[in-house]
Amino acid sequence: MKDPQTHSTHLELTEPAPPELPIGSDLVVQVKVSCRSGCDLSALPLTVTGPDGQTATIAPGPDRAATSADDARDVTLMAPLAVGTHAWTIRLPSHESDGILHEECTLPVCVTTRPHATSLAVWAVPSPVVMRERFRIKVGAKSAAGSGLGGTKILVSDQSGRLIAQGSLRDTPWPGTSALYWTEVEVPAPNREGMFWCTVNFAAADIDTPHERSSSKFSVAIVRPPEHRLTIEVLERDSKAPIEDAQVRLGAYRAATDPCGRAEVAMPKGTYDLAVWKVGYDAPVQTVDVHDDVSVQVEAVIVPPENPDAAWLM
Amino acid sequence: MGENGIKRGPGRDAHAVSRRAFLSKGAAGVGAAALVGTGADEAAAQAVKWDLSVDVVIIGAGVSGLAAAITARDSGASVISVDENFDIGGRGMLSGGRVHLGGGHALQQKFGIKDSADQVFKDWVRHDAAAARYSDRDLVRVFADENVASFNFLTENGVEFIEKPIGPEAASTVPRTFVTVEWQNKDEIYAPGGDRNGSGLVRRLEQSARKKGVQILLRHEMKSIVREQARSGKVLGITVAHPGGTLNIQARKGVIIATGGHTGNVNFRRTFDPRLTEEYQQACLPYVYQGAKGELAAMDIGASLWGTANQTSEAGAAITKTRHIGCRWGYSSLVFQPDSKLFPLAKATGLTVGDWQNMIFVKQNGQRFWNEVDGSYRFFAAAMAHNGDPSKLNGGGPIWAIFDADAAAREKWDPKPPHVDPDGYFASADTIAELAPRIKNPHQKKPMSGAVLEETVSRYNSFVASGTDTDFKKPTPMYKIEKPPFYAAWATPILHDTLTGLRSSTNGEVIDIRGEVIPGLYCSGEAQGGFAQHGLARCVTFGRVAGRNAAKGAA
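Heads up: the sequence lines are chains A and B, in that order.
Per our numbering, residue 15 is the first one in the first sequence, and the count goes up by one each step.
Per our numbering, residue 448 is the first one in the second sequence, and the count goes up by one each step.
So here's chain A without its partners, still in its complex pose (with noise of 0.2 Å):
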């Protein structure tokens, strides 16, 4: 009997797989077969062994038969869930058919992973806050991969990496949400005024599976306590008519106007820059001493809302 010919097999990807991954993630790797002498194999099977020692085997898929020889097929790996590096082997098995023999080849990929990534968000944060009063705040940790994280902590420092509260999330994710856990945590304000920016930092410890820790930073403008009551009264200037939710800044201090176009505000002495905004109208900017509770009363002309279609300007 003839001893086959024999032919060189190669192995490739089409691309280099990531450094790096999060851990559990599909990785699809595209893998070129290709015969030294030019012949077709995407007809044979390839096997995989993972970093577990298992070995499956990926069939050619039913499209293959009229491929070329040079076409790539698709390779799913899955990533373990323990963090490190892990290494996969891609294997073209031998194979004798008409009297030629390819030969096996393999091709190792290895993959580094990573824990899942988390992100914060950090909401209803009241503004401003008085000095050395205290004050809640919503705290969100989402895990990349939607992992419950219920039961876990978050911590907020102040600006000077001084832990000043924690809490722990809740069981059950905050609405409109895909998986965004939170909890309400109460802080205590600076004893001066001024801007300040705290810190939240999850450690995302005690979860099944590893992750990142994450961190995410606020501000909040902490004010002096209050001396005085501000009442503003916003009207339409030609009607006199009160405009309802009209939106009222003094610098850190802000309102809005209730049905009687009325706001207040409680604030300690000193001169601001009172502005008043609502769409569809125009009030200017005026400066307001606040010696004692003052009311002042601001005159809105209505801007007639712009055509969109006419959008000539000169």
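Treat the hints with care, as some may be off.
[Stated by the list, open to error] Here are the computed lysine-lysine pairs in the DSS-like style, where the Cα-Cα straight-line distance is at most 27 Å:
id	chain 1	residue 1	chain 2	residue 2
1	B	K658	B	K569
2	B	K788	B	K859
3	A	K254	A	K231
4	B	K557	B	K633
5	A	K292	B	K859
6	B	K863	B	K893
7	A	K283	B	K920
8	B	K863	B	K788
9	B	K863	A	K152
10	B	K561	B	K611
11	B	K859	A	K152
12	A	K231	B	K893
13	B	K569	B	K611
14	B	K887	B	K859
15	B	K893	B	K859
16	B	K557	B	K569
17	A	K292	B	K920
18	A	K231	B	K920
19	B	K788	B	K839
20	B	K839	B	K887
21	B	K658	B	K633
[Said to hold, decoys possible] What the simulated footprint calls covered on chain B by chain A, stretch by stretch (three residues with Cβ under 8 Å from a Cβ of chain A suffice, anywhere in the stretch; the number is not a length):
id	stretch
22	797-810
23	879-891
24	906-912
[Said to hold, decoys possible] Computed far set for chain B versus chain A, every beta-carbon distance over 10 Å:
id	residue
25	F533
26	Q566
27	D585
28	Q662
29	N712
30	A756
31	A852
32	P894
33	G897
34	E901
35	T923
36	M925
37	K927
38	K930
39	K999
For the record, the hints were derived by calculation from the structure and aren't laboratory data.
C-beta: ideal position from N, C-alpha, C; glycine also.
Here the structure of chain A is known, so what remains is to put chain B in place on it, guided by the hints.
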């Protein structure tokens, strides 16, 4: 030498000689000519067999094309109008129907508005109005003198107006804008329920044109304009491609280019402003594409552009903010609702912005670039400024509106399909850090960093807390972006007006790069340069002018 420095004599003589010489060689079918269209080599020119023959061929069945067709027909010419689209109207079909005609027409008189042709001219050559400053005053004079006739033309051809004057607008000093009545059949308009009153203008002109015998060939795309020689002689007709093949259409008296403008053609529009790279979408897509096809075909046979300063005068609606974010084509008041026949292409209605305070805008890199409530050309300059990407020096890259659940509640938005297009124009996430990498769009060339976007948002939130935007002086930034979930919506400025185009005589004859008339070739509408007025009035007026003169066969 005539108006505009246009030379007539030599060009005409050359045409006369060459045409006689050509015809003496014999003709096949209805007639034959040298094909010198796009990319053709004169030496290799081949004989054209005319499949159809009429007096006047009009390329484009939009507002100016329909006006030209009716006028040419009224002047006794046989007319074929071709359009590459599946329906008529061009951008007029989707316009607000605001027709800015004055001069003292009947509807102005009804409201006691004193106006005259001289006043129209005086207004539209004002040096203190950027929308008028750069226009060719010979063309403005024609426009002014034709205003009343254009208004009468519209009403005589069935166009109805809402009897409410609007204005003065732009350079005008008296009210001149009247809005056409929307087309009554909702099945025959493409953005139903959106006050697309321009549909009433184009449908009624279409109705009149067909009644008068204009043959309209839809899905017929002009491929070239046929001239006797590459750069000389008379224009003889056009070649077109259609689903069944090709056609050569002879124009015994004239070809009128009424193809619309160039706004959608990235290569062409960058002639005037190199910043206008591919990320800037064209208003009125996906209905009608403004591809500069008329300009290019005319330039292939020697035509010149004109009044190009108008395109970059930074007046008018050449570029605007997207009023509807989270969709690809969020122009002005134009919304494609789910019941629109075009919705499968448009894919989302967009989220209509009521208050620009409800969001920040960031570039591809996740950083803010300007005060978000500004809508001036300073905003657009900042949006188109270099974004720091060394691989993209022109254009500013995509602009994304970033907002939170509170903003969605204030705007009463439901940020889900069909209101947004998650296929590249909208993303949402539980945190800002997760939102950034979810922004995926062909024009987002590099992934946005979650850390950078987080830094941008936390810095902006500190401005809201303090009441002062120290970066871009947004007047009293009102609302933090803090409450999950978070959203990113496409908000890249969108392009609208074409404000320059082909050079023409006051008769609408196209002029070549040496200042000579190209015999038998006319232009109107947004393909015509020299008069930068926004909208429909100039399209109607110069469509009539071109139609009238083309029907004469010679100006």
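Evaluation of the provided hints:
1. B:K658 <-> B:K569: violated, 38 Å
2. B:K788 <-> B:K859: Answer holds: B:K788 to B:K859 is near 26 Å, not above 27 Å.
3. A:K254 <-> A:K231: violated, 44 Å
4. B:K557 <-> B:K633: violated, 30 Å
5. A:K292 <-> B:K859: holds, 16 Å
6. B:K863 <-> B:K893: holds, 25 Å
7. A:K283 <-> B:K920: Answer holds: A:K283 to B:K920 is near 26 Å, not above 27 Å.
8. B:K863 <-> B:K788: holds, 20 Å
9. B:K863 <-> A:K152: Roughly 25 Å between the alpha carbons, so the hint for B:K863 and A:K152 holds.
10. B:K561 <-> B:K611: At roughly 15 Å apart (the allowed maximum being 27 Å), B:K611 and B:K561 satisfy the hint.
11. B:K859 <-> A:K152: It holds: about 23 Å lies between the C-alpha atoms, which stays within 27 Å.
12. A:K231 <-> B:K893: Measuring from Cα to Cα gives roughly 25 Å; hence the hint holds.
13. B:K569 <-> B:K611: holds, 24 Å
14. B:K887 <-> B:K859: holds, 25 Å
15. B:K893 <-> B:K859: Status violated; Cα separation ~32 Å.
16. B:K557 <-> B:K569: Distance ~23 Å between B:K557 and B:K569 Cα, so the pair holds.
17. A:K292 <-> B:K920: holds, 18 Å
18. A:K231 <-> B:K920: It holds: about 23 Å lies between the C-alpha atoms, which stays within 27 Å.
19. B:K788 <-> B:K839: With Cα atoms ~36 Å apart, B:K788 and B:K839 exceed 27 Å; violated.
20. B:K839 <-> B:K887: At roughly 17 Å apart (the allowed maximum being 27 Å), B:K887 and B:K839 satisfy the hint.
21. B:K658 <-> B:K633: holds, 21 Å
22. 797-810: holds (count 3)
23. 879-891: holds (count 3)
24. 906-912: holds (count 4)
25. F533: holds, 25 Å
26. Q566: holds, 18 Å
27. D585: Check passes; 23 Å lies beyond 10 Å.
28. Q662: Holds: least Cβ distance 32 Å, greater than 10 Å.
29. N712: At about 21 Å from chain A, B:N712 clears the 10 Å cut-off, so the statement holds.
30. A756: holds, 16 Å
31. A852: violated, 6 Å
32. P894: holds, 13 Å
33. G897: Given that some Cβ of chain A is not farther than 10 Å from that of B:G897, nearest at about 7 Å, it is violated.
34. E901: For B:E901, whose nearest Cβ neighbour in chain A is about 7 Å away, the distance does not exceed 10 Å, so it is violated.
35. T923: violated, 4 Å
36. M925: violated, 5 Å
37. K927: The claim is violated: B:K927 sits with its nearest Cβ about 7 Å from chain A, within 10 Å.
38. K930: Answer for B:K930: violated, closest chain A Cβ roughly 4 Å.
39. K999: holds, 35 Å
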